[in-house]
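Peer 1: Read off the chains here:
Protein chains: 4
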Amino acid sequence: MTGGTFDKEYDELTGRLFFRDTHLPEMLRRGRCRLDVTLETVMMIDSLELDDAGRAQIVKRARESSERAIVVTHGTDTIVKTAGALAAAALARKTIVLTGAMVPYAFGSSDGLFNLGSALSFVQVLPPGVYVAMNGQHFHWNAVRKNTDTGTFEAI
Amino acid sequence: MTGGTFDKEYDELTGRLFFRDTHLPEMLRRGRCRLDVTLETVMMIDSLELDDAGRAQIVKRARESSERAIVVTHGTDTIVKTAGALAAAALARKTIVLTGAMVPYAFGSSDGLFNLGSALSFVQVLPPGVYVAMNGQHFHWNAVRKNTDTGTFEAI
Amino acid sequence: MTGGTFDKEYDELTGRLFFRDTHLPEMLRRGRCRLDVTLETVMMIDSLELDDAGRAQIVKRARESSERAIVVTHGTDTIVKTAGALAAAALARKTIVLTGAMVPYAFGSSDGLFNLGSALSFVQVLPPGVYVAMNGQHFHWNAVRKNTDTGTFEAI
Amino acid sequence: MTGGTFDKEYDELTGRLFFRDTHLPEMLRRGRCRLDVTLETVMMIDSLELDDAGRAQIVKRARESSERAIVVTHGTDTIVKTAGALAAAALARKTIVLTGAMVPYAFGSSDGLFNLGSALSFVQVLPPGVYVAMNGQHFHWNAVRKNTDTGTFEAI
Numbered sequence: 001m002t003g004g005t006f007d008k009e010y011d012e013l014t015g016r017l018f019f020r021d022t023h024l025p026e027m028l029r030r031g032r033c034r035l036d037v038t039l040e041t042v043m044m045i046d047s048l049e050l051d052d053a054g055r056a057q058i059v060k061r062a063r064e065s066s067e068r069a070i071v072v073t074h075g076t077d078t079i080v081k082t083a084g085a086l087a088a089a090a091l092a093r094k095t096i097v098l099t100g101a102m103v104p105y106a107f108g109s110s111d112g113l114f115n116l117g118s119a120l121s122f123v124q125v126l127p128p129g130v131y132v133a134m135n136g137q138h139f140h141w142n143a144v145r146k147n148t149d150t151g152t153f154e155a156i
Numbered sequence: 157m158t159g160g161t162f163d164k165e166y167d168e169l170t171g172r173l174f175f176r177d178t179h180l181p182e183m184l185r186r187g188r189c190r191l192d193v194t195l196e197t198v199m200m201i202d203s204l205e206l207d208d209a210g211r212a213q214i215v216k217r218a219r220e221s222s223e224r225a226i227v228v229t230h231g232t233d234t235i236v237k238t239a240g241a242l243a244a245a246a247l248a249r250k251t252i253v254l255t256g257a258m259v260p261y262a263f264g265s266s267d268g269l270f271n272l273g274s275a276l277s278f279v280q281v282l283p284p285g286v287y288v289a290m291n292g293q294h295f296h297w298n299a300v301r302k303n304t305d306t307g308t309f310e311a312i
Numbered sequence: 313m314t315g316g317t318f319d320k321e322y323d324e325l326t327g328r329l330f331f332r333d334t335h336l337p338e339m340l341r342r343g344r345c346r347l348d349v350t351l352e353t354v355m356m357i358d359s360l361e362l363d364d365a366g367r368a369q370i371v372k373r374a375r376e377s378s379e380r381a382i383v384v385t386h387g388t389d390t391i392v393k394t395a396g397a398l399a400a401a402a403l404a405r406k407t408i409v410l411t412g413a414m415v416p417y418a419f420g421s422s423d424g425l426f427n428l429g430s431a432l433s434f435v436q437v438l439p440p441g442v443y444v445a446m447n448g449q450h451f452h453w454n455a456v457r458k459n460t461d462t463g464t465f466e467a468i
Numbered sequence: 469m470t471g472g473t474f475d476k477e478y479d480e481l482t483g484r485l486f487f488r489d490t491h492l493p494e495m496l497r498r499g500r501c502r503l504d505v506t507l508e509t510v511m512m513i514d515s516l517e518l519d520d521a522g523r524a525q526i527v528k529r530a531r532e533s534s535e536r537a538i539v540v541t542h543g544t545d546t547i548v549k550t551a552g553a554l555a556a557a558a559l560a561r562k563t564i565v566l567t568g569a570m571v572p573y574a575f576g577s578s579d580g581l582f583n584l585g586s587a588l589s590f591v592q593v594l595p596p597g598v599y600v601a602m603n604g605q606h607f608h609w610n611a612v613r614k615n616t617d618t619g620t621f622e623a624i
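Protein chains in written order, with this note's numbering: chain Z, 1 to 156; chain R, 157 to 312; chain B, 313 to 468; chain D, 469 to 624.
Quick caveat, the hints were computed from the structure, so don't treat them as lab data. Source: prediction; values computed, not measured. Backbone N, C-alpha and C define an ideal beta-carbon position, used for all residues, glycine too. Please note that the accuracy of each hint is not assured.
Stretches of chain D that chain Z covers, calculated by requiring three or more beta carbons in the stretch to come under 8 Å of a beta carbon on chain Z [as the list claims (entries may be wrong)]:
{"id": "1", "region": "479-491"}
{"id": "2", "region": "522-528"}
{"id": "3", "region": "574-580"}
Stretches of chain Z that chain D covers, calculated by requiring three or more beta carbons in the stretch to come under 8 Å of a beta carbon on chain D [claimed, not checked]:
{"id": "4", "region": "9-15"}
{"id": "5", "region": "93-107"}
Put together the whole structure using the sequences plus the hints.
Peer 2: Below, the structure written as structure tokens:
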């Protein structure tokens with residue numbers, strides 16, 4: 001987990017969105033997920049604030065992980081950029097799927113649970129490589145962009 | 157769609173669960189799904205009430221469909237049996253993924269959205285065959301059972 | 313608390329509605345309620361199964377309570393009957409408001425939180441007597457009935 | 469309705485909270501409210517941005533209204549100030565209850581439905597005057613403040 005809209009919460013004292021703990025454990029419980037998953041919070045930030053050092057940290061964790069299948073939850077604004085950084089790291093033999101949400105999980109109308117189910121499924125069956133999973137689809141890291149007008153992802 | 161817990165609603169006049177319309181369109185909207193999906197309600201029943209004739213109807217629809225990838229939403233109690241019927245129909249070249257929910261989508265705590273994201277993802281990448289997708293996992297139709305004590309699916 | 317639709321939950325193993333613990337503490341937290349409330353679970357049943365002995369038990373607890381203001385959460389099917397039993401007990405100097413829900417709180421679409429806010433407000437300002445609070449309204453115990461066709465309460 | 473946290477929504481394109489339409493009609497439906505209510509959107513803003521001219525507009529609407537009982541939904545930050553402006557207008561014979569929410573209704577964890585049920589109940593039974601209803605309580609307009617550390621309202 002790296003944060004992103006997925007994990008934003010509403011601060012009722014300031015009226016702003018902020019990060020506290022990740023919602024992933026609760027989401028996995030709600031999905032009755034029985035995969036053998038290890039959760040790791042690398043950071044908890046808005047992806048617009050993610051700089052090269054932060055991106056390098058995500059890559060480092062992915063490289064050092066002993067897992068062959070990794071899902072990265074990430075803000076959608078720079079998810080494609082982080083996908084590129086992961087691909088550049090040439091983590092052969094690993095399948096990495098990045099996913100995010102357009103609406104915080106804490107909101108009733110969030111797409112987060114759908115995307116999480118999708119990413120966890122793609123990561124089990126796609127060949128090694130780096131992918132973005134959004135909108136029920138999966139894209140190669142270098143063949144996708146976020147359409148900021150529609151808030152959806154599309155092939156390029 | 158064939159019904160199942162996925163689509164059950166609470167009848168506030170009788171206090172019982174019942175079926176009205178499917179929730180799939182709303183679920184796909186919530187998931188911001190951009191797949192090219194054709195929705196078809198074959199029936200809307202509790203899978204415990206699904207008999208051989210009903211099962212044959214599901215098989216018939218799957219056979220007559222021109223789609224190569226089919227997700228069947230289904231009650232979990234007899235989902236494995238219907239998976240078997242679909243497999244017996246030898247629909248070569250089709251990938252069919254059955255999924256369900258343990259809690260109705262209309263309940264806040266439903267696993268439905270997670271399972272739908274999962275099933276729609278598996279169906280795009282798994283080779284032709286009949287599968288059950290539950291709990292973030294996928295199983296071959298003849299290698300799975302529902303554990304009625306835990307309400308989860310497990311490999312056999 | 314006496315149960316009723318308010319507190320029904322979905323049993324994912326049997327597909328039936330059942331009672332476990334009351335949701336009142338969670339509801340009061342969600343409402344950021346700062347009233348000095350003492351919670352007491354008298355029973356946890358469907359009001360259609362409430363017999364005279366059970367009703368007598370509710371009356372007994374209300375009589376023995378040292379509170380001047382009491383909210384009774386109750387199934388809507390026989391809420392008017394229990395209101396009558398409480399009124400017959402002539403608990404002078406107590407304001408008692410019965411309320412319920414048409415949809416379980418555990419469902420996203422429940423009216424429970426609205427009704428609870430309503431009942432807790434009426435009970436603070438209405439003169440001693442026994443009332444039913446539903447649909448944003450309050451009714452004297454002997455001037456109300458449930459319209460089972462519409463699922464709403466109306467003056468008689 | 470004047471806006472406030474009650475009616476804030478999440479803008480999935482910008483990641484910010486904003487106002488679109490009021491949620492009051494949906495909230496009244498969810499509460500199965502059968503009161504004869506006329507809804508009127510006076511403005512749709514964050515109460516921190518409400519200036520004297522805006523406040524005068526709210527007072528004007530309240531004065532011109534033919535209703536004897538008025539609920540004003542309002543941001544909590546300056547709700548007490550608007551209550552004072554309404555009281556200063558000396559709208560004798562009207563009962564006015566202001567209420568708000570700490571969490572937007574669009575979030576699953578909102579206190580809005582509880583507060584709305586509470587305000588609509590208080591307004592029916594309190595004598596003419598101007599009140600703030602929050603946290604299950606009601607306060608005279610000149611005897612309440614928002615505790616910005618706790619996000620709750622307290623008597624002064």
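Peer 1: Now look at each hint and say whether the structure bears it out.
Peer 2: Comparing the hints with the structure gives:
1. Requiring three or more residues with a Cβ within less than 8 Å of a Cβ of chain Z, the coverage given for the region 479-491 of chain D holds, as 4 such residues are present.
2. Given a C-beta distance limit of less than 8 Å, the hint that chain Z covers the region 522-528 of chain D is violated, as 0 residues qualify and 3 are needed.
3. Here the region 574-580 of chain D counts 4 residues with a CB under 8 Å from a CB of chain Z, which clears the bar of 3, and the coverage holds.
4. With 4 residues having a beta carbon nearer than 8 Å to a beta carbon of chain D, the region 9-15 of chain Z meets the requirement of three or more and the stated coverage holds.
5. Counting residues of the region 93-107 of chain Z whose C-beta sits closer than 8 Å to any C-beta of chain D gives 5, which meets the bar of three, so the coverage hint holds.
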